[in-house]
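Chemist: Protein chains in written order, with the numbering used here: chain E, 1 to 121; chain Z, 1001 to 1116.
One should not assume that every hint holds.
Reference listing, derived: stretches of chain Z covered by chain E, where coverage requires no fewer than 3 residues with Cβ under 8 Å from a Cβ of chain E [to be verified]: (1) 1038 to 1045; (2) 1066 to 1076.
Partial list, derived from the structure: chain E residues whose beta carbon lies under 8 Å from chain Z [said to hold, decoys possible]: (3) Met-1; (4) Gln-2; (5) Glu-11; (6) Gly-15; (7) Gly-24; (8) Arg-27; (9) Ala-47; (10) Gln-49; (11) Asp-68; (12) Phe-71; (13) Thr-74.
Only pairs whose alpha carbons sit at most 20 Å apart, straight line, appear in this in silico SDA-like list of lysine to any residue [stated by the list, open to error]: (14) Lys-75/E with Gly-1067/Z; (15) Lys-98/E with Thr-53/E; (16) Lys-75/E with Val-1057/Z.
These are computed hints drawn from the structure, not numbers from a lab.
For each residue, glycine too, the CB sits at the ideal point set by N, CA and C.
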Amino acid sequence: MQYMLLIYDEEATWGGMSEDERNGVMREYFQFTEELRSAGKFVAGDALQPLSTAKSVRLRDGEIATTDGPFAETKEALGGYYLVDVDSEAEALEWAAKIPSARFGTIEVRPVVVYPVEASA
Amino acid sequence: MKVLALIYGDESAWESLSDEDRQGVYARYRAFGEQADGKVANGAEIAPTSAATTVRVRDGETQVTDGPAVELDEPLGGFYLLEVGSLDEAAEVAAHIPGAASGAVELRAASEEEAP
């Protein structure tokens, strides 16, 4: 079964780190991703570009409305994600706790409904 | 470039739909998937926030709580991972996601690096 592990943190937390600290966290991320891959649990995962680059799209009365910025302004914001294929929710939670940002942010674990919005690709 | 399209919408509106209406929405999603073929690398419906769990590690202790990280009137209900040439192209594709007509789709470009 698949789970989305959504990584929420404050962009200011990253901004407040020294370059050494930031590089240390990035190394931990590469190690975590490697561990996830070698365990055969990795489906997808990305760090997201800063919120300042976000766009929100709505369709109302046939008109496309595109606005700059995220859909909701929140203290902690989505900064990255992993899509994992695991055997149980307990396992999803174990992986979530190993994500470096779990120490200073919040990981939201959401089960995926594979059918019927399954992508065609 | 890879762009994550996050679909936000009202869960109670979705849950109050009749089976038939829900099938209609799924049919529109399938049609979108066919239309956007080649630009969709991945995607899925995400189970309601009642099934969400949050995980934090503080002072070496893992804290697990029920519910989403952020409470929203229109929470995250699904996503597509788009493979497109630009964020503007992503916006054009995203406008055809059925959820854009009822809720909103947030576009977040992925970093060039491999994973978070």
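Chemist: Quick one: which hint numbers does this structure break? Sort them smallest to largest.
Modeler: 3, 5, 6, 7, 8, 11 and 15
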